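Peer 1: Sequence:
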Amino acid sequence: MACRLTALPRPNTARSLLRLGRASPHLAASTAPLPSPSSCRQTPRLRHPARCFVTSSPKCSSHSIDSSSAQADAPTHSAHHGAFHPSTHRCGELDQHHAGQQVVLAGWLDSLRIVSKHLGFVALRDHTGSVQLVLQADGDERLEALIASTSSMPLQSVVLATGHVQLRPEADRNPSLPSGFIEIRLSSLQLLNPARRDLPFLPSDSQHADRISPEVRARYRYLDLRRKALGDNIRLRSRIAQSIRTHLYDQDFLEIETPILLRSTPEGAREFLVPTRIASSPSSTAGSQQQQQRHPEPSFYALPQSPQQPKQLLIASGVTDRYFQIAKCFRDEDGRKDRQPEFTQIDLEMGFVSGGPPSASKHAAAAATAAEVEVDARDAQGQWRIGGHQVRDVIEGLIARIWAAAGKGSLDHLYEDPGRKRGFPVLSYWTAMTTYGSDKPDLRYGLRISDISSGLRHHEDAAESPSPSPAQNEDVGVALEILPHHHTNAGKLSNKELEGLLAPFRGQVERFRIASWHNTNELAALLLKKSQRVRHALSHHRDGELQASEVDVDRLSSHLAKVLASSRASEGIAADGDGAVDVFVSTRPSPPEGGSTPLGDLRKSLASLLSSKGLLSVSMKPQFAWITEFPLFTLADEDKNELSRLSSGPTAAAAAAAAAAGGGVETRWQSSHHPFTAPMAEDAHVLANRAGGVDASRVGSVRGQHYDLVLDGQEIGGGSVRIHDAAMQRRVFEDVLKVSVPQRPGRRAVGPAFRILASATLTPSETSRFSHLLHALSCGAPPHGGIALGFDRLMAIVCGATSIRDVIPFPKMGSGVDPVFGSPSTIDDEAGSSSDSTTELTRSDEVLRLYGLRRL
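Using UniProt numbering, read the sequence shown as starting at 1 and increasing by one per residue.
I should point out that these hints are in silico values taken from the structure, not numbers from a laboratory.
Here the structure is a predicted model, which means the values were calculated and not measured.
Be aware that one or more of the hints could be misleading.
[What the hints assert, rightly or not] Distance condition first, Cα-Cα at most 16 Å in a straight line; then the derived EDC-like pairs of lysine to aspartate or glutamate:
no., residue 1, residue 2
1, K529, D554
2, K604, E715
3, K492, D582
4, K408, D712
5, K621, D554
6, K328, E255
7, K529, E499
[Unchecked claim] Restraint ranges, calculated between C-beta atoms of paired labels, are given here:
no., residue 1, residue 2, range
8, A145, S176, 33 to 41 Å
9, G318, D393, 19 to 27 Å
10, M813, S206, 19 to 27 Å
11, G544, M813, 52 to 60 Å
12, S617, P298, 55 to 63 Å
13, G318, R277, 47 to 55 Å
14, G318, S206, 53 to 61 Å
15, M813, D232, 20 to 28 Å
16, D695, G595, 23 to 31 Å
We treat Cβ as the ideally placed atom computed from N, Cα and C, and that holds for glycine.
Turn these sequences into a full structure, and let the hints guide you.
Peer 2: As structure tokens, then:
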């Protein structure tokens, strides 16, 4: 960034024109804007280096500061290495109550303005804020010399200031700053460490901050952290971490550290492996040890993706029934705005956690206290039909504590009755996917999706059977759904905007418009005649292929009328009004799969577009929700192949392609959450020990006691009730995570055609990776459950940051590279430098051999 030194004309009445918070554009970069005369907008050439201030040029480069001209004239400053007086206050703590006191302040020179050899102003900043320092000589030669020396100090230098606090004239006060009512009349200014004059950028230059590239900011993160907004995020993170610990200590939790160096286990994402020089086991014979010394077998630790297994073992040990940790976790995956290779989570585990809602046991309900009866009613109304309500209660209290610590206000709007204790809203996975098209629904606005499959009936059918429930619908089919968007008097989207909205969903979503939402007969006929999505749904109808001409139009019209009326009500539109409506049509698998549907993704894009044009009401209050009853197992995909021993085998996508060609494909199940999640009590019989093993045809219908906490469309945490029975845990490992789905005889091949893998059992080495857990469960582990909240993501939401990088002191780039510390590095960097390249290679090869590795 180029640096400009600009001389200022001396004003006739300098003091009357100087007001903090009313600075010229040149001084706008300061976190505490300095006073400036109106004439400072003129920038004559520099005539005297002592009468200038330093500011970044609007035409500057963001990579370096060209300060050669300044360095030629400015004196050389050196760091102070001796003793100095400790500071008495911090900059942001001073206010009018300190008037008349002598203070000593330490901080950074944020901005500097020398009006004349008799008068100057400095903005001094530390982590608490900034304060204005006044250099006024009034004929004192010592102070004139101080002004002269201060004028040449580089910005961002570290100084120690001594002076008296005095009130500003009323006209010069700035109520928006805590220190805006006072200033410090300097008596001395000691330079502790001068900053270099060629800084990559000035943290205080907010006026041109957008011209500094993210790469430069990341490389000089220690400078970027001096920006107030970024520093405030990190300081708030610390305060919230303290409030988390306080809340959990109050709830009788113990904070216990778990190992960082663990063994590799197939839990989902890729792991970071750490090579070690330990290359032989204690049980090795002398001969094998000699062989390993000649050709050592490389050994590795794995950095944990989560403390999942250690915390379960802690609960099994009985050392505590309430564990927590603010834990570092690691995943070897590409960085995105919400992902980092190393991240922090608030990790909890609780012993003696219920495996079902309290109302599941009539005997327990009869003996319950009044408080327990209230919990029963809460679960019934909130549709929390799984176990783990103890974990839920702790987390809801913790979230309220975090919100209060962040100054975000109360969360009473989330409760049905603010005067009573009610839980966050609860949605089943089925409801979230079918109503909002996402397992992370944003509940701040309407735009609900409706399934109209039951309206597609043959005109000869006399009765309409109800839509299948999640527990009943075990077969893979196709559902037809619509997303209505009603036009209002506030305006509407143009056809061009709507076409742009649909562009990413070409072939998946169609749009139809009717002039009035009452014209459902017209809409029904239009869909049956022109919609390819409707024809796709009819060709995969649960009663067999159905032709459009065979559909009962009146029944479909009646169904559409109910849907459109309901959507108007959910969006707060008068039922007796009129208006055009755009209807978006799509299909999805039934039961729903994955994390979103085409209409769910469109819903988010549509909401963003409507909100930007003021056509959609979006709540400004946070909307938390629990998502429960996820499928316990899903078909393996590309993202979690580590769960499958057949890593070279086909994925669900490949299986679908092969099925379309008429062939059968072998595949495997994977855990939706992780393999330690317990099934819902009413589905546990599917995993019961029985002759012939697990019924593969019913594995996909098993729901897990897994719960996700969602905030405004983002998942901020997830947990589950764990399997505490060693026999069931072994069956999950050996009988479920190795089976595939058989094709139902005589049924249309809607999804992939799979067959049982009779010989696909886990190898002993794979099972041994979990032997410690299985043995611990068999030694008498209590029922337990837990959760992990993503601390980085939660902080990004609290701070209003667009990326979690803005709430992490030293984040990695999207590529996983740390530009500050230069990691990761090659082994040549670690082996030491040498002018001889052959020597460098030899040294690095020696380092590799220590770990049983070699260069390819």
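Peer 1: Evaluate each hint against the coordinates.
Peer 2: Evaluation of the provided hints:
{"no.": "1", "hint": "K529 <-> D554", "in the structure": "holds, 15 Å"}
{"no.": "2", "hint": "K604 <-> E715", "in the structure": "holds, 15 Å"}
{"no.": "3", "hint": "K492 <-> D582", "in the structure": "holds, 10 Å"}
{"no.": "4", "hint": "K408 <-> D712", "in the structure": "holds, 15 Å"}
{"no.": "5", "hint": "K621 <-> D554", "in the structure": "violated, 41 Å"}
{"no.": "6", "hint": "K328 <-> E255", "in the structure": "holds, 14 Å"}
{"no.": "7", "hint": "K529 <-> E499", "in the structure": "violated, 21 Å"}
{"no.": "8", "hint": "A145 <-> S176: 33 to 41 Å", "in the structure": "holds, 35 Å"}
{"no.": "9", "hint": "G318 <-> D393: 19 to 27 Å", "in the structure": "holds, 22 Å"}
{"no.": "10", "hint": "M813 <-> S206: 19 to 27 Å", "in the structure": "holds, 23 Å"}
{"no.": "11", "hint": "G544 <-> M813: 52 to 60 Å", "in the structure": "holds, 54 Å"}
{"no.": "12", "hint": "S617 <-> P298: 55 to 63 Å", "in the structure": "holds, 60 Å"}
{"no.": "13", "hint": "G318 <-> R277: 47 to 55 Å", "in the structure": "violated, 36 Å"}
{"no.": "14", "hint": "G318 <-> S206: 53 to 61 Å", "in the structure": "holds, 55 Å"}
{"no.": "15", "hint": "M813 <-> D232: 20 to 28 Å", "in the structure": "holds, 23 Å"}
{"no.": "16", "hint": "D695 <-> G595: 23 to 31 Å", "in the structure": "holds, 27 Å"}
Taken one by one, the earlier hints fail for this structure at numbers 5, 7 and 13, listed in ascending order.
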